[in-house]
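Residues 1 to 340 (the UniProt record's numbering) make up the sequence shown, in order.
In short, the hints are calculated from the structure, not lab data. Here the structure is a predicted model, which means the values were calculated and not measured. For glycine and all other residues, C-beta sits at the position ideal for the given N, C-alpha and C. Worth double-checking, as some hints may not be accurate.
Stated by the list, open to error - Derived lysine-lysine pairs resembling DSS-like cross-links, with alpha carbons at most 27 Å apart: (1) LYS99 <-> LYS2; (2) LYS251 <-> LYS263; (3) LYS258 <-> LYS200; (4) LYS227 <-> LYS40; (5) LYS200 <-> LYS261; (6) LYS200 <-> LYS227.
Claimed, not checked - Using C-beta positions, here's what the derived DEER-type ranges look like: (7) THR317 <-> PRO131: 18 to 24 Å; (8) HIS193 <-> GLU63: 46 to 52 Å; (9) PRO47 <-> TRP299: 22 to 28 Å; (10) PRO199 <-> GLY319: 45 to 51 Å; (11) VAL226 <-> GLU64: 46 to 52 Å; (12) LEU293 <-> HIS193: 41 to 47 Å; (13) GLU70 <-> GLU48: 23 to 29 Å; (14) TYR105 <-> THR197: 57 to 63 Å; (15) ASP223 <-> GLY319: 54 to 60 Å; (16) PRO47 <-> LEU232: 28 to 34 Å.
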Amino acid sequence: MKRNLILAIESSCDETAAAVVEDGSKICSNIVSSQINVHKKYGGVVPEVASRIHVENISVVIEEALSQAEVTMDDILAIAVTQGPGLVGSLHVGVQAAKTLAWYYDKPLIPLHHIIGHIYANRFVDELRFPMIALVVSGGHTELVWMKEEWSFEILGTTQDDAIGEAYDKVSRVMGTGYPGGPVIDKMAKQGHPHYTLPKPKTEKPLDFSFSGLKSAVLQLIDREVKKGEELNKEDLSYAFQEAALDTLLKKTMAAVKEFKPKQVVLAGGVAANSRLREKISEMILETPDVHLTIPPLWCCTDNAAMIGAAGWTAYTHGLTGSLDIAANPSMEIETSSIH
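Start from the sequences, fold in the hints, and give me the full structure.
Given below as structure tokens:
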């Protein structure tokens, strides 16, 4: 009996990943080669370095994904790949690998938006119920996505400047606490107490986000403490920053829930691993018992290919395949992926 196996490839930033996923929900293999230790010394991802390492790793992770799943390319039904958004050089490596395999083995090619993968990763732990709101939080994205039905995407709110993960990295950098900033600040904030006061970010549109002003406020606070000769309490500052950043996320999310009345809210993206965010959104959703909350497991918050496989299977069932002339699209819009 033919199995519904998707070979998925993800290379949008600094993880080279490949996976084999069956029926969109069963993970047969999920291989991720991370570059974080390389980019740590630079305080952030260096695009040229990232793309070069992808070239070195892409064949290895694909071979390992097939081997671990105990399948060959003859068993694969279709090939799903992240087309965008992301770093153009990094995306190009994954897209070229997927196109080559699709051409050589005569398999359907499924080009996907990276964020759709993060949203559909929730399928590994729960059924998706529509209409639904996805709070997308990562190093490159902060968005509220409205899904009226399966494979329908509308941006309700997005960031006007920095994404929340980017803000975490920048604040950690100015505090001298390293990269990536998210896990560091989350850990230090647990030891912090209410001490410093930071402003709540303001936006023109009610469901949009802004974190640049909050980052600037942290810089100004540090400067004031230095001028006063006070020793900076990094744990308390981490606490103040995190509470201010997450409060604005959750305030906007609950405003969207109140206005659009979804059946379900899901978290998606790397910052979904933040322990305080998971705690606070769980508490807030309890106040709206008719809304179901799904939080992805920690392993699939960061970039991986299994999530692309989950989304890829859904796209395949809707006949959403691409041609071999597709190219990496670093500014790809999620709304263009909707079925019209």
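To see whether the hints hold, each was checked on the structure:
1. Using a Cα cut-off of 27 Å, the hinted pair LYS99 and LYS2 holds, with the two alpha carbons roughly 23 Å apart.
2. A C-alpha spacing of about 18 Å is found between LYS251 and LYS263, which places the hinted pair at or below 27 Å, so the restraint holds.
3. Between LYS258 and LYS200 the alpha-carbon distance is near 21 Å, which keeps this suggested pair within the 27 Å criterion.
4. Taking the CA atoms of LYS227 and LYS40, the gap is about 30 Å. The hint is violated against a cut of 27 Å.
5. As the CA atoms of LYS200 and LYS261 are separated by approximately 25 Å, the hinted pair is consistent with the 27 Å bound.
6. Between LYS200 and LYS227, the direct Cα distance comes to roughly 24 Å. Compliance with the 27 Å bound is thereby established for this hinted pair.
7. THR317 and PRO131 have their C-beta atoms about 20 Å apart, which keeps the hinted 18 to 24 Å range intact.
8. The supplied range of 46 to 52 Å is met by HIS193 and GLU63, whose beta-carbon atoms lie about 50 Å from each other.
9. At roughly 26 Å, the beta-carbon separation of PRO47 and TRP299 lies within the given 22 to 28 Å, and the hint holds.
10. At about 49 Å, the beta-carbon gap between PRO199 and GLY319 stays in the expected band of 45 to 51 Å.
11. With their beta carbons about 49 Å apart, VAL226 and GLU64 fall inside the hinted range of 46 to 52 Å.
12. For the pair LEU293 and HIS193, the supplied restraint of 41 to 47 Å is violated, since their beta-carbon distance comes to about 28 Å.
13. As the Cβ distance of GLU70 to GLU48 is approximately 36 Å, the hint placing it in 23 to 29 Å is violated.
14. Taking 57 to 63 Å as the suggested C-beta distance range, the pair TYR105 and THR197 conforms, at roughly 59 Å.
15. For the pair ASP223 and GLY319, the beta carbons lie near 57 Å from each other, so the given range of 54 to 60 Å is met.
16. For the pair PRO47 and LEU232, the beta carbons lie near 32 Å from each other, so the given range of 28 to 34 Å is met.
Violated hints, listed in ascending order, are 4, 12 and 13; each of the other numbered hints is respected by the structure.
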